[in-house]
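Just so you know, the sequences run in chain order P and Y. When you line the first sequence up against our numbering, it's residues 1 to 417, in that order. When you line the second sequence up against our numbering, it's residues 418 to 1069, in that order.
Treat the hints as calculated values from the structure; they're not laboratory data. Please note: incorrect hints may appear among the correct ones.
Said to hold, decoys possible - Calculated from the model, a selection of chain Y residues having no Cβ within reach of chain P, i.e. all distances over 12 Å:
id : residue
1  : Thr496
2  : Leu563
3  : Gln723
4  : Val726
5  : Pro753
6  : Gly779
7  : Val823
8  : Asp830
9  : Asp898
As the list claims (entries may be wrong) - Ranges of calculated distance between the beta carbons of each label pair, as one might list FRET restraints:
id : chain 1 : residue 1 : chain 2 : residue 2 : range
10 : P       : Ser107    : Y       : Asp714    : 18 to 28 Å
11 : Y       : Gly1028   : P       : Pro349    : 50 to 60 Å
12 : Y       : Gln703    : P       : Gly133    : 30 to 40 Å
13 : Y       : Gly697    : P       : Pro148    : 36 to 46 Å
14 : Y       : Ala1061   : P       : Gly269    : 19 to 29 Å
15 : P       : Pro349    : Y       : Tyr862    : 33 to 43 Å
16 : P       : Ala27     : Y       : Asn1036   : 47 to 57 Å
Cβ coordinates follow ideal geometry from the N, Cα and C atoms, glycine included.
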Amino acid sequence: MTDVSLPRREPFALRFPSVMVFVAILALFTVGVTILSEGFGIGVISTSFVKTLGKTLCLCLVALAMDLVWGYCGILSLGHMAFFGLGGYAIGMWLMYARTEIIVLESLAAAPLPPTPQEVSDGIASQIFGVVGASEFPPIWAFAHSLPLQLLAVVLVPGLLALVFGWLAFRSRVTGVYLSILTQAMTLALSLHLFQNDSGLRGNNGLSGLQNLPGQSDVSQDIVSLWFFWGSALALGLGYLLCAWIVSGKFGSVIRAIRDDEARVRFLGYPVEAFKLAIFTVTAVIAGIAGALYYPQAGIINPAELAPIASIYLAVWVAIGGRGRLYGAVIGAAFVSLVSTWFTGGQAPDINLGFYTISWVDWWTVLLGLSFVCVTLYAPKGIGGLVDILIDRKGPNRHGADLGPDQGALREQEADK
Amino acid sequence: MLRFATLFLTWLSLSGPAMAQQADAPIQRLLQTHSDVLLESSRRTIGPAVDALANSGLPEAQVVLDKWQNKEMWVDEETGLFVYAEEIDRDTLRIYDFADGTEIGEVPDDAFDQLKPNSGIRGLIATALVQFQLSDPDPDTRRRALDAIERGAEESHLAALRVSLPNETDDTIRARKDRLERLLTIRYGETDAERITAIQSFGGDLSVDVRAALNPLLAVRVEAADALPDAPDIGRVLQPGSEALPRDEAYELLVGADLAKPRISREDQRNALVANISDGQVAGVQVATLDSQAARDMAYAALAEQGTVTAVATEAEVDDRLASHVFYERYIGAPPEVVAAAQLALQAIENKVHVNQAIDLGLDALSLASIYFLAAIGLAITFGVMGVINMAHGEFIMMGAYTGYVVQLFIPDYTLSIIVAIPLAFAVTFGAGVAMERLVIRWLYHRPLETLLATFGISIALQQLAKNIFGTQARPLTAPDWLDGSLVINDIVSISYIRIAIFVLALLFLALFLFVMNRTRLGLEVRAVTQNPRMAASMGINPDKINMLTFGFGSGIAGIAGVAIGLYAKVTSEMGSDYIVQSFMTVVVGGVGNIWGTLLGATMVGSLQKGIEWLNPSNTLAAQTYMILFIILFIQFRPKGIIALKGRAAEA
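Chain P on its own, in the form it takes in the complex:
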């Protein structure tokens, strides 16, 4: 009877050095930006750029969710930006309500009689819904007065929608491109619904003035922007750890297996639908949280943000960054959205060809579209593939078989060095 000992599992950090590298870089970045900011530092980085960076971190977080659902589980969801937007709407309702309440209370305080609750509520409602010609609160604003309830909604609304939609879609075995089209239809339906004035969310006006924190009007935006920047960085760090943890264990192996051969996993006895539903819902919740952090920095949210095109751009970021690796999604989202801001912001120099001047505001989208085709055709690993070259990592030898359905999937453990 020999003593059989299982091989000792190495600590998480050692097994996944990329996670630790990422967290370290994120921490350094956060400290660096804080030091250079106008709020607490030497003022090299303007407040608006701090906001841009904070928003970019939120986009990285939602890209992480997209990578989890698409790069790891093979579900090309074209609905995650809708979940992102729903999170934004949920927090936006509270921000808008609370801020308007303060304004209305101030204006009513000057009146000879103390206001009744009805008068306060009517005042807020006519302030908020005047633009859509209504003066009463729609039922979905029932919890808008309470921050905790709306924070709960940030998680619950996208989560429940994903749960119901995913359950319906997965149980009828809608897969592949059909699922993509179905999620796109869901996104379209949601944005069309929000575009209506009687949706209760101010139609195409959306919610605005979200950059002002209620009750913190004496704190300057220089400081507020940093609060949100830290919040976004923290959320991204935690989100990265969560995603890395999800994909590291048995659960991660199963979802990767579903991506590579769904039928085989089902025949092995795994409840494929439950796994897909779980990953779909979790990522929707992450997207909702990212949206709730993003829109207070953007200051305004309207239904156009939920349009299907936004979700497709999300897929573009992840694909350019590199699917199936978490840092790829982050790199892709950060790179493309920052470059995009640079080009469309009019900062990029125009190119004068003599007979025609290429103005990047007009031509950037063309360039993005074409570069996207090129990435898909020639560099399916995306920017993340550069890391493989850098550390000399090669794909696993599968004796001629594909690496995965889309050939872009390559995980650290799968590589044989």
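Position chain Y against the provided structure of chain P, taking the given hints into account.
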């Protein structure tokens, strides 16, 4: 010279009037009888004179009325005789005799007074003139008179119509007169019996004017009483708080009829309280405690007790008063028998209207379905047959539409330009499709998600390219004249020719698709390649070439669809993305790989959208939302679409 002219005019003025004015002609005598009234020119007293002229039976009467109305009737101050005249210049008149229309001469206007009827009198004259116009020998005049009556009917027109009816010779005008006569009888008929007969004669007539004549008969006034009166003209009994009679309105009615105490709005109450603040108190209540509605009500009641403000009804009193009264409608438009007949007739008309509305809705749905079918048929080839997800399909539609627009820039004749545009659009998008297949898609067969993303990249690039070239504003693609207007079947059912053309085009495409796929060598090879490329290749078919041609064919059809859709809607760079999701839905709902499925899918999507729009007409956005939700649910029950492929073809 000037002197000579003056002399001449003086001669005229002396000799002119003497030149054979027929002072004893019947018409002149009639005018003289009413001379006083005519010269007084007052709306109140003129009636008999106008009537006398109109009913005189003299043929000249029409001329008199006509000239009078146009302020061309003058009276000789000296003799009191009436003439009509045209002003040659500021001082000179050329006068004519009413009796036979002969020119009397040119005279200075000093001796003549112009009759200036005011607008009220002119209205009376116009009414009187109608009867002449209705019997005028010129059919155009008669038609114009009928038009005038249709625009603004008056009671007096009825008699005029009845007089002119027996002598009418033209059949169509006669029919119009008869119809108008009955319509006017409904409104102005003297006896109930004749009105009822007229109402019944319109059983099931869909025209708007019949409903316009009937509806005023059913006018109601809402009244309140302690108990329901037993009278024949009582209509519905209304419940306060229902949609027909909101609670506030019902109570206002009671207040207006002095059956209840008035209420006060919150704002008025607040103002009344504010007005009575003294020493931080209102009627002994601290102002600071007035932060709820109940507290304010109590403070106001206290004020009322002091007599400072008028007492108002409390909510309990309001409820009590409302409960103790009955609210009902009383018909005020017509006597009860006529109302009953009108109700019956309107009911019959309503039923027919509903049937016709259903037909109209069906036509609308059909035309929307044809548009979706047109947008989706190219997709049915590339996605349905080849299994290639082409997100740039919408941009091919846009490309076709812009091709049509550019062609119209060079060929101004719309018919010719459309004839040129259709093949050209096919050629352009066929080329674009082939290029895309060669450069991108063939590397991505068997990687559908990648195809989706790559074609999406092409889609945004093409869209932005179109924006850079053509700008963001919508460009017109004008339909030829013979496609303008619509086929009107009756007042409710109509369909524009352009929609019929799109429907026909959809049918043509269906036939073309079926012909190409089932009857040509290309179709055979396409089916072979999609089912088993390796086997097809070993039979001597070049799968690369076939794939290329099929994709080009599907794209080309999208281009033609673009021209058709551009005629129907505006051409913008975003028009493709408006249709892409619906197109995919159409193909998926119908069942991938089957053209009949696509047809059914388009029909279903189109009629669903129209049906939901009908339920909620104010909101097309909601219709689209609910339609998409419905489709998502539909796919739950038939994941493979309406027509699911079975057997090996399903796996290919």
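Outcome of the hint check:
no.: 1; hint: Thr496; in the structure: holds, 70 Å
no.: 2; hint: Leu563; in the structure: holds, 44 Å
no.: 3; hint: Gln723; in the structure: holds, 18 Å
no.: 4; hint: Val726; in the structure: holds, 15 Å
no.: 5; hint: Pro753; in the structure: holds, 42 Å
no.: 6; hint: Gly779; in the structure: holds, 25 Å
no.: 7; hint: Val823; in the structure: holds, 19 Å
no.: 8; hint: Asp830; in the structure: holds, 32 Å
no.: 9; hint: Asp898; in the structure: holds, 36 Å
no.: 10; hint: Ser107(P) <-> Asp714(Y): 18 to 28 Å; in the structure: holds, 24 Å
no.: 11; hint: Gly1028(Y) <-> Pro349(P): 50 to 60 Å; in the structure: holds, 54 Å
no.: 12; hint: Gln703(Y) <-> Gly133(P): 30 to 40 Å; in the structure: holds, 38 Å
no.: 13; hint: Gly697(Y) <-> Pro148(P): 36 to 46 Å; in the structure: holds, 38 Å
no.: 14; hint: Ala1061(Y) <-> Gly269(P): 19 to 29 Å; in the structure: holds, 28 Å
no.: 15; hint: Pro349(P) <-> Tyr862(Y): 33 to 43 Å; in the structure: holds, 40 Å
no.: 16; hint: Ala27(P) <-> Asn1036(Y): 47 to 57 Å; in the structure: holds, 50 Å
Checked against the numbered hints above, the structure breaks none of them.
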